[in-house]
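Engineer: My request is simple: use the sequences and hints to build the entire structure.
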Amino acid sequence: MEELSRVDTSVSILVDIHNTLTNNAIRFWGSNQLKDKWLNRLAIDCVSSFALSEAGSGTDAFAMKTTATPSKDGSYYTLNGEKLWISNSKEAGAFLVFANVDPSLKHRGITAFMVDANTEGVTVGNKEKKLGLRASSTCPVVFDNVKVEAVDVLGEVGLGYKYCINILNEGRIGIACQQIGVSDCACQVLCTVYTLLYTQINFFG
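Using my numbering, the first residue of the sequence shown is number -10, and each one after it goes up by one.
Wrong hints could be hidden among the right ones.
Have a look at the derived ranges for each label pair, beta carbon to beta carbon [to be verified]:
| no. | residue 1 | residue 2 | range |
| --- | --- | --- | --- |
| 1 | G110 | F17 | 24 to 32 Å |
| 2 | R30 | G121 | 25 to 33 Å |
| 3 | E(-8) | G121 | 16 to 24 Å |
| 4 | N21 | L185 | 56 to 64 Å |
| 5 | G147 | C180 | 46 to 54 Å |
| 6 | A175 | G147 | 38 to 46 Å |
Just so you know, the hints here were simulated from the structure itself, not pulled from any lab data. Heads up, the beta-carbon is just placed ideally off N, CA and C, and yes, glycines get one too.
Structural biologist: Structure, rendered in structure tokens:
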């Protein structure tokens, strides 16, 4: 992360979200069936995105309104809701989505799902106009009656909030490394500019 950030912080963010958040979450808590289904694809030809934040659940991420309604036979869930400010969303082939299977349980109903971006009902909105990191897509993502198989539940139903806290703590290490890389590169550029100016001043007197 530090080395990538010396050159392009947008690329480093894509890598941090993909590797630290999604891949690690599957490695840590995914069933063998989920790992078999997703890890090879994520390693070869699929960028992932972490879909947590919503309009009313920024600082309080667990106040989310996105729901996941189980089918009568328990074979699939139906996701409905909108996520905002989702990085990697334009490029993503898969989303790690957090939704509540039982809002009456509050945060203890939150469950994590792996969702194929090509699933019917998944819509990625327009990119946000940002001051920086413009090569990193940040978009709203809408889930409209999206059917997700029960096998795509990450870990246990209702433990999504625990997975979220743990994996975001790990992701913050990558963001810290990013800032080190950016600041180090900036210092090197400033030193180079200063050296050039100093040389020219001495040369021309």
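Engineer: Determine for every hint whether it applies to the structure shown.
Structural biologist: Do the hints match the structure? See the list:
1. G110 / F17: 24 to 32 Å: 28 Å, holds
2. R30 / G121: 25 to 33 Å: The hinted range 25 to 33 Å holds for R30 and G121, with Cβ atoms some 31 Å apart.
3. E(-8) / G121: 16 to 24 Å: 19 Å, holds
4. N21 / L185: 56 to 64 Å: With Cβ atoms ~58 Å apart, the hint holds.
5. G147 / C180: 46 to 54 Å: 53 Å, holds
6. A175 / G147: 38 to 46 Å: Once the Cβ atoms are compared, 44 Å apart, the range 38 to 46 Å for G147 and A175 holds.
Of the numbered hints given earlier, the model fails none.
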